[in-house]
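Position chain G against the provided structure of chain Z, taking the given hints into account.
2 protein chains.
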Amino acid sequence: MSESLPNTSRRAIVLLSGGLDSATTLAIAMNQGFACHALSFDYGQRHDVELQSAKRVGDAMGVSSHQTIQINLRDFGGSALTDDIDVPKNRNESQMVEDDIPVTYVPARNTIFLSYALALAEVKGCGDIFIGVNAVDYSGYPDCRPTFINAFEKMANLATKAGVNGKLLTIHTPLIQLPKTEIIERGTKLGVDYGLTHSCYDPDEQGRACGCCDSCTLRKNAFEQLGLKDPVLSHLDI
Amino acid sequence: MSESLPNTSRRAIVLLSGGLDSATTLAIAMNQGFACHALSFDYGQRHDVELQSAKRVGDAMGVSSHQTIQINLRDFGGSALTDDIDVPKNRNESQMVEDDIPVTYVPARNTIFLSYALALAEVKGCGDIFIGVNAVDYSGYPDCRPTFINAFEKMANLATKAGVNGKLLTIHTPLIQLPKTEIIERGTKLGVDYGLTHSCYDPDEQGRACGCCDSCTLRKNAFEQLGLKDPVLSHLDI
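Those protein sequence lines, which keep their order, are chains Z and G.
Quick note on this note's numbering: the first sequence kicks off at 172 and runs consecutively.
Quick note on this note's numbering: the second sequence kicks off at 172 and runs consecutively.
Only chain Z is shown next, with the shape it has when bound in the complex (with noise of 0.2 Å):
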């Protein structure tokens, strides 16, 4: 999970979901030198937007290559993300905390995308893996913590050539402890353009935040506290 320093000649698999994390985890690992395989997941979302904004900032971010995996989690089942369960609405920060495990988790998710980014990597050679994972506005997703993460490191480099051969991965997870402030400040000083990411659980028709369920809360919050406006939330009079 360590950081490391940029490096011109790696190659990195990086998660794109499209959203404020994956972008600002893509400008930190382009930043350090990483040459970026984006890898997106069409996973029987209740919307695609995720998708455009994925291909939207890996395009406007100069990834090496792009490729989304279509797997169906919408067969399993037991999420608010997928199913028609109601996604919450108009909670306040602290109310969300209270989740012991948020409607919106997908069951084994994070693991299921991490595997397939592990055989990516060894396909191509990488020794490198971003993912966006937070631990602070997702306390409640088992697979958002830095124990979890470790774990999966750590088989990783038994599942495959690369562990067998000592050539070791590096599962990396720069936001894992930040605040959605600092990663809003990182990233700006970056140059994303958190105009082209999506977060919204509940967009509307045209693609849209929603603005008021739980994942549009802790950004606008966030923007709000550095002064700014969440820049995708132009649309709403809020």
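Just so you know, these hints were derived from the structure itself, not from any lab.
Fair warning: this is a prediction, and the values are worked out from it, not measured in the lab.
One or more hints might be untrue.
Put simply, identical chains are the same to the list, so a pair is met inside one copy or across any two.
[Unchecked claim] Only pairs whose alpha carbons sit at most 25 Å apart, straight line, appear in this in silico SDA-like list of lysine to any residue: (1) Lys-226 / Lys-360; (2) Lys-325 / Asp-299; (3) Lys-325 / Leu-340; (4) Lys-325 / Ala-306; (5) Lys-295 / Gln-241; (6) Lys-360 / Ile-347; (7) Lys-260 / Thr-341; (8) Lys-400 / Arg-182; (9) Lys-226 / Gln-241; (10) Lys-332 / Glu-264; (11) Lys-226 / Gly-362; (12) Lys-226 / Lys-295; (13) Lys-226 / Asn-243; (14) Lys-332 / Asn-243; (15) Lys-325 / Gly-298; (16) Lys-325 / Leu-339; (17) Lys-332 / Gln-348; (18) Lys-360 / Leu-349; (19) Lys-332 / Arg-262; (20) Lys-295 / Lys-400; (21) Lys-325 / Gln-348; (22) Lys-332 / Val-307; (23) Lys-400 / Arg-262; (24) Lys-260 / Leu-340.
Same frame as chain Z, now just chain G:
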């Protein structure tokens, strides 16, 4: 990785490829009293006879459900089982052992398969996953080793709601240290019809085993050592 005592109330996820090992693993899980949910993968194999075998085996053994997940490891390439790399033929077992890692190794395959099993286990409320990995015949596959399975189990217990709430998940690998002869003996006692299984890396157009790839050779030799003929080779004069 411990084998459980018979238990009539528990449900298990069983990874079922349709091969000799996974059919035996399913029989062991059923014999332990688990209600079994079989999980197969359509992962861009060069032939789908494997999936037909999985269906036949699951039906014959009376699984509670059987789900096949479409994933495309071929997008990533890197293996003779999904690419156009030639499958080795007519090698003896000592030649197979010389491979550091066989060309039939699929990058991160067991990691991806187990990750899906983990998602399904969480949704179905199962605490048990069975996988027929074997570290004796497949010592060159990093993701068939006990150290890998132990690391996956540890990671899985940190990845999910189950892990968070203290309801632990067990990865069962009843075959991991068994020679092929003992696997066949055990399965035969449990009534496995090995004529329904398929293990060949390079079947003919009718889906029949070639009899000379590494996988065919391993099971043919084991049946011979037991004074038996491999039922899937009855069409060949060997």
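* **Up to 25 Å CA-CA - Asn-243 versus Lys-226, copy category** => both (20 Å within a copy, 20 Å between copies)
* When no copy is named, should Lys-400 and Arg-262 be tagged within, between, both, or neither for a Cα gap of at most 25 Å? -> within (19 Å within a copy, 67 Å between copies)
* When no copy is specified for Lys-332 and Val-307, does a C-alpha distance of 25 Å or less occur within a copy, between copies, both, or neither? -> between (34 Å within a copy, 18 Å between copies)
* How would you classify Lys-260 and Leu-340 at a CA-CA limit of 25 Å: within, between, both, or neither? -> neither (39 Å within a copy, 33 Å between copies)
* Between Lys-325 and Ala-306, at a C-alpha cutoff of 25 Å, which is it: within one copy, between copies, both, or neither? -> Answer is both: 19 Å inside a copy and 19 Å across each meet the 25 Å cutoff.
* Could you place Lys-332 and Gln-348 in one of the four classes (within, between, both, neither) given a Cα distance threshold of 25 Å? => Intra 31 Å, inter 21 Å, cutoff 25 Å: inter-copy only.
* Asked: When no copy is specified for Lys-360 and Leu-349, does a C-alpha distance of 25 Å or less occur within a copy, between copies, both, or neither?
  -> within (15 Å within a copy, 57 Å between copies)
* State whether the alpha carbon distance between Lys-332 and Asn-243 is at most 25 Å within one copy, between copies, both, or neither. => This pair counts as between: shortest inter-copy Cα distance 20 Å, intra-copy 27 Å.
* Under a CA distance limit of 25 Å, which applies to Lys-325 and Leu-340: within one copy, between copies, both, or neither? -> both (9 Å within a copy, 18 Å between copies)
* At most 25 Å between C-alpha atoms: does Lys-360 with Ile-347 qualify within a copy, between copies, both, or neither? -> Cα proximity of Lys-360 and Ile-347: one copy only (18 Å, versus 51 Å across).
* Between Lys-295 and Gln-241, at a C-alpha cutoff of 25 Å, which is it: within one copy, between copies, both, or neither? -> Both: 19 Å inside a copy, 22 Å across copies.
* How do Lys-226 and Lys-295 come out at 25 Å by Cα distance, when the copy is not named: within, between, both, or neither? -> within (20 Å within a copy, 34 Å between copies)
Hint compliance for this structure: hints 7, 8, 20, 24 are not met, and every other hint is.
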